[in-house]
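Protein chains in written order, with my numbering: chain L, 4 to 122; chain P, 11 to 117.
Worth double-checking, as some hints may not be accurate.
As the list claims (entries may be wrong) - Which chain L residues stay away from chain P? Per the calculated CB distances, all over 10 Å, these: (1) G11; (2) E13; (3) K16; (4) A19; (5) E49; (6) I53; (7) F109; (8) W112; (9) G113; (10) S121.
Unchecked claim - Straight-line Cα separation of at most 27 Å, BS3-like style, residue types lysine-lysine; simulated pairs: (11) P:K55 x L:K66; (12) P:K55 x P:K26; (13) L:K26 x P:K49; (14) P:K55 x L:K22; (15) L:K26 x P:K26.
Honestly, the hints are just simulated from the structure, not real lab data. Heads up, the beta-carbon is just placed ideally off N, CA and C, and yes, glycines get one too.
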Amino acid sequence: QVQLVQSGAEVKKPGASVKVSCKASGYTFTTYFIHWVRQAPGQGLEYLGIINPSGGGTSYAQKFQDRVTMTRDTSTSTVYMELTTLRSEDTAVYYCARASETATPFDYWGQGTLVTVSS
Amino acid sequence: EIVLTQSPDFQSVTPKEKVTITCRASQSIGSSLHWYQQKADQSPKLLIKYASQSFSGVPSRFSGSGSGTDFTLTINGLEAEDAATYYCHQSTTLPQTFGQGTKVEIK
Numbered sequence: 004q005v006q007l008v009q010s011g012a013e014v015k016k017p018g019a020s021v022k023v024s025c026k027a028s029g030y031t032f033t034t035y036f037i038h039w040v041r042q043a044p045g046q047g048l049e050y051l052g053i054i055n056p057s058g059g060g061t062s063y064a065q066k067f068q069d070r071v072t073m074t075r076d077t078s079t080s081t082v083y084m085e086l087t088t089l090r091s092e093d094t095a096v097y098y099c100a101r102a103s104e105t106a107t108p109f110d111y112w113g114q115g116t117l118v119t120v121s122s
Numbered sequence: 011e012i013v014l015t016q017s018p019d020f021q022s023v024t025p026k027e028k029v030t031i032t033c034r035a036s037q038s039i040g041s042s043l044h045w046y047q048q049k050a051d052q053s054p055k056l057l058i059k060y061a062s063q064s065f066s067g068v069p070s071r072f073s074g075s076g077s078g079t080d081f082t083l084t085i086n087g088l089e090a091e092d093a094a095t096y097y098c099h100q101s102t103t104l105p106q107t108f109g110q111g112t113k114v115e116i117k
């Protein structure tokens, strides 16, 4: 069955970076796009960007353009999302989600990774 | 970016009642509007894709309609397990965006 398994919770200090992983299984890794979405405590869903695991191409939301990098490792079917220069407002659960094309719905989601930014 | 506005923000409903949630887009998005259900401490789950198509395994009491800028999610005969927050999502334009969510509580 399709699974997206994310790395564990992280606690970071302001100004640090965090790298969250999302390991895919149960389907052909390079045939689906991966999006990243975050959710601050008690808040709604916020879109970060997309990566094409086939060629590695990415597109980021303008708000995160200068702080986020998405990469992939096809040998392990894993996608990574790195966010730099963390601030307290980046405290959130970060989700990866699968989609068949760039403009299609997210049919499977990871379990989420809580990133806490605190001094 | 395209702004999605849901209404209401909160709804308290008796079991078996009908629930209607609306989502309005700031510009036309055709039918590229999808609905998700998020229960407490869980990841969102896809319910309805492309405004009106049910995702695999979703109970038939969930249905969607609309196109252009105005969309509706309907739950016919609410069940206790439907207590959750519901989000609309547009995939037509990057950055993709979500509505603010509608929390449905069971009375």
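* Hints that the structure is at odds with (numbers, increasing) -> Hints 5, 6, 7, 8, 9 and 15 not satisfied by this model.
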